[in-house]
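2 protein chains.
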Amino acid sequence: MNFGYYMPTRVICGRDCVVKEGERLAALGTHALIVTGKSSAQNGALKDVLRALANNGQGATVFDRVMPNPTLACVREGVALLAGAGADFIVAVGGGSPMDAAKAIATLAVQPRADEAIFAGGYEAAALPMAHVPTTAGTGSEVTPYAILTNDFQRTKTSITSPAMFPRIAFLDGKYMKNLPTMSAVNTAMDAFSHAAEGMLSRNATPMSDLLAKESLSILYPLLPKAMGQTTDEERDLLLYASMLAGMTIAQSGTTAVHGMGYCLTYFHGVDHGRANGLLLGETLRLCSEKKVPALGAILSACGDTLEGVCATLEMLLGERERYPAEELLRFAHTSAANKNIKKSAYEPTEAELLRIFTASCG
Amino acid sequence: MNFGYYMPTRVICGRDCVVKEGERLAALGTHALIVTGKSSAQNGALKDVLRALANNGQGATVFDRVMPNPTLACVREGVALLAGAGADFIVAVGGGSPMDAAKAIATLAVQPRADEAIFAGGYEAAALPMAHVPTTAGTGSEVTPYAILTNDFQRTKTSITSPAMFPRIAFLDGKYMKNLPTMSAVNTAMDAFSHAAEGMLSRNATPMSDLLAKESLSILYPLLPKAMGQTTDEERDLLLYASMLAGMTIAQSGTTAVHGMGYCLTYFHGVDHGRANGLLLGETLRLCSEKKVPALGAILSACGDTLEGVCATLEMLLGERERYPAEELLRFAHTSAANKNIKKSAYEPTEAELLRIFTASCG
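These protein sequence lines are chains A and B, in that order.
My numbering puts the last residue of the first sequence at 352; the count rises by one with no breaks.
My numbering puts the last residue of the second sequence at 352; the count rises by one with no breaks.
Please note that the accuracy of each hint is not assured.
In this list, chains with the same sequence are indistinguishable; a pair is considered to hold if it fits within one copy or across any two.
[Unchecked claim] The list that follows gives simulated cross-link-like pairs (lysine-lysine, DSS-like), each with its CA atoms no further than 30 Å apart:
#1 LYS280 <-> LYS332
#2 LYS9 <-> LYS332
#3 LYS329 <-> LYS215
#4 LYS329 <-> LYS9
#5 LYS164 <-> LYS215
#6 LYS9 <-> LYS281
#7 LYS215 <-> LYS332
#8 LYS164 <-> LYS281
Think of the hints as simulated: they come from the structure by calculation, not from any bench.
Using the sequences and the accompanying hints, generate a full structural model.
In structure tokens form, the structure reads like this:
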């Protein structure tokens, strides 16, 4: 038994928790930069955060220009706004993109780096304190130390990490997901599902990450088909909880081959991140089955389904698949083979096997 | 879904982890007060800690006078030694007593209080940084924010708590348990088992604490009979892991009736803490069964046994039971009825029911 476990974020889960437990924000600083996208103004999360900050007498500056798959330019803009406003902590509101942008802003604000050095690793454990309010059930970023950014140098998405990137507080309230478009609900659910499954398929899986992943899968899997229709309050709360468990999983294990491949589809074709994972997961699981990866049995058992049952569920969620030319998939397989996430897979696919997965998934 | 989760301790688990990962101690300070009892000199843990500190060029002062069920006087002695040595962090080495004493020392060193105010609560989230090295698999104190001290004012044991009492690091290495006396192994295993079960029987149980508790029970229960004989390396590692999971459980839920009652047996008769819990647990579970407490089914299912099967296992571990006069048990029931842990029970026993448990357990 040889493993580490670390997840220092305080999780607060419950209806209206941002306002009811908003005084927890008081310890983070005097003026917040709220990092968000456009939709948080609609779902009520931004309003709740502003109210909680006002209740504490804290100032706030809103940065609502985070786009999906945030770029370095977006992060730079956030850092500049933060400095100009004299903000000393950050509240992230939204899905994975605002949360990841917030983490990068919180880190670069205290550890400035040139663009070329951003993805070079070696960050100190220092960042401005953050609170995160996820408004989708997919990324789990509220309980991970990773920020995944668009990496134009290598034409992919790349994570940066440091222990200080764990938010101090994560507020989980499923009410913000009530009017989430079905496509977002489905794509983010596939992302969370992929986190839990990939965590178990990781070389770095631990007894703790497996425990969290299995619980996540057992809650998520039966809810996946429901994400396609109108979900109940309770189902949305459960999706958000399961997504957090999947985040806690990858906070320990990291993600693996599916994410490593998926970044190509997102970078070159703008495929939604969760959908990219969903597209590639089925065939990856089939490969794991052929290679007799022990964790596969535990994944299926947590889902309570067979391999082909899981693949059929994903198929239903995906609908019509994207198709890309063979020569492009050859290039994707080649690029992915060097990806650090793929090297974390318990069974590390060869370049030929990556091509097979790409081809079966979107060839 | 309405709950909080917080457990910020970095857990490092593995053979020789104190030395191999000892550089993690470097960030805690320049001079350590090592808080321990007499046995850590024998089991190798103290030697490893001293080596790790020396490797980092950190100074160390050893305070090895912590007795079982540490008193306030013992804590005061530690605080004085710490101040005299100019120590700025603490390494706790041993079972629950040194770990709990260390937490109290770390807190009182920065938040001085008069004796009368020690158990009055309201501690700020401030303490010297700590690393904990458990050498028994029972207390789980390495991942909780509680220090349980002998309370001579109220003639019981009482916990003090603050978020800063979570150790920064917990090093888990089962090798230190190799020569643990059988009686200690059995008593501490019953303590851990009781933490997991009581956590599930708590009014404050959460989805996370239940997940951790069930995993703990499913590992611990089959190992309980083995604690009576010679355990293997792997079994000791598993016991230590399960004890940590039970600690993470009560870090969320707190303990309940069994602990609340058990403190009487320890305070007035010096019954070992884990044994006291073991003595009282069976009849408490029977009461929960009669009162149809929903968590009981989940506890038994995690154990893979019936209620009477679990009671029989405890009986085997306990051997001959202590017996106390009826009038004394009356007094214990009366005292316990006011205990804060008992009020946290999902089913809160009446004073008459507490008397029934005491009488059936040691009458």
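Each hint tested on the structure:
{"no.": "1", "hint": "LYS280 <-> LYS332", "verdict": "within (16 Å within a copy, 53 Å between copies)"}
{"no.": "2", "hint": "LYS9 <-> LYS332", "verdict": "between (43 Å within a copy, 24 Å between copies)"}
{"no.": "3", "hint": "LYS329 <-> LYS215", "verdict": "neither (34 Å within a copy, 43 Å between copies)"}
{"no.": "4", "hint": "LYS329 <-> LYS9", "verdict": "between (41 Å within a copy, 25 Å between copies)"}
{"no.": "5", "hint": "LYS164 <-> LYS215", "verdict": "within (17 Å within a copy, 48 Å between copies)"}
{"no.": "6", "hint": "LYS9 <-> LYS281", "verdict": "neither (49 Å within a copy, 33 Å between copies)"}
{"no.": "7", "hint": "LYS215 <-> LYS332", "verdict": "neither (34 Å within a copy, 39 Å between copies)"}
{"no.": "8", "hint": "LYS164 <-> LYS281", "verdict": "neither (41 Å within a copy, 33 Å between copies)"}
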